[in-house]
Amino acid sequence: SAVISQKPSRDICQRGTSLTIQCQVDSQVTMMFWYRQQPGQSLTLIATANQGSEATYESGFVIDKFPISRPNLTFSTLTVSNMSPEDSSIYLCSVGTGDRYGYTFGSGTRLTVV
Amino acid sequence: GENVEQHPSTLSVQEGDSAVIKCTYSDSASNYFPWYKQELGKRPQLIIDIRSNVGEKKDQRIAVTLNKTAKHFSLHITETQPEDSAVYFCAASRFDQFYFGTGTSLTVIP
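Protein chains in written order, with our numbering: chain A, 1 to 114; chain B, 1 to 110.
Everything labelled a hint here was simulated from the structure, so no lab data went into it. Every value quoted in this text rests on a predicted model; they were computed, and no experiment measured them. Ideal Cβ placement from N, Cα and C applies to all residues, glycine included. Among the hints, erroneous ones may be present.
[Stated by the list, open to error] Which chain A residues stay away from chain B? Per the calculated CB distances, all over 12 Å, these:
| hint | residue |
| --- | --- |
| 1 | R15 |
| 2 | T30 |
| 3 | D64 |
[Stated by the list, open to error] Here are a few chain A residues that face chain B, going by a calculated C-beta distance under 7 Å:
| hint | residue |
| --- | --- |
| 4 | M31 |
| 5 | S42 |
| 6 | L43 |
| 7 | F105 |
| 8 | S107 |
| 9 | G108 |
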């Protein structure tokens, strides 16, 4: 399965600022996704990062708040914009190779907004 | 969209006993059902999966069953060990997008 490098691993940010999270994969992958996991909760899909086009967002998530880039098949970024304490969460990227096996997760970014 | 429900939310078993976690899904188009194990502070790890054309799959002490008609699938862990203690998530996938259940916190008591 693919090896994912996600950074930063954690950050403490002031409200009103933005944080960009990076996800680098060691091989080309078809699918890249961004999830949020609030403390003690399940994983919620934020969006699908599409290479060469705009991301596809799930209900409740919008591009202005969570802009996503995917410039190539090995890299993606998620920005959490104009942060508030409610954005405190773990953000994870996930990748798939299109064969429906080996969907793996990055190590996560633990974000605390103060 | 897809709605995945998972039960129970917490489960305690004695070491050596079996543990069963159940999930239901709403979208009949879902055709891939993975299970993830997440240890405290770590990323979710895929432990077993099943596709909609298969009714049961087993990997050593772990097995998953799928009932497409009833739209439910279950994780079975036999001969549980303390290292099985973790949060387990089921998921249902369609069009390569995963929708996760709410998680089951499993504690195996030595």
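Evaluated hints:
1. R15: 25 Å, holds
2. T30: About 8 Å separates A:T30 from the closest Cβ of chain B, which leaves it inside 12 Å; violated.
3. D64: Holds, since 21 Å exceeds 12 Å.
4. M31: 5 Å, holds
5. S42: 5 Å, holds
6. L43: 5 Å, holds
7. F105: 4 Å, holds
8. S107: Because about 5 Å separates A:S107 from the closest Cβ in chain B, which is inside the 7 Å limit, the hint holds.
9. G108: Constraint on A:G108 satisfied, holds at 6 Å.
Hint 2 alone, counting from the list given before, is not met by this structure.
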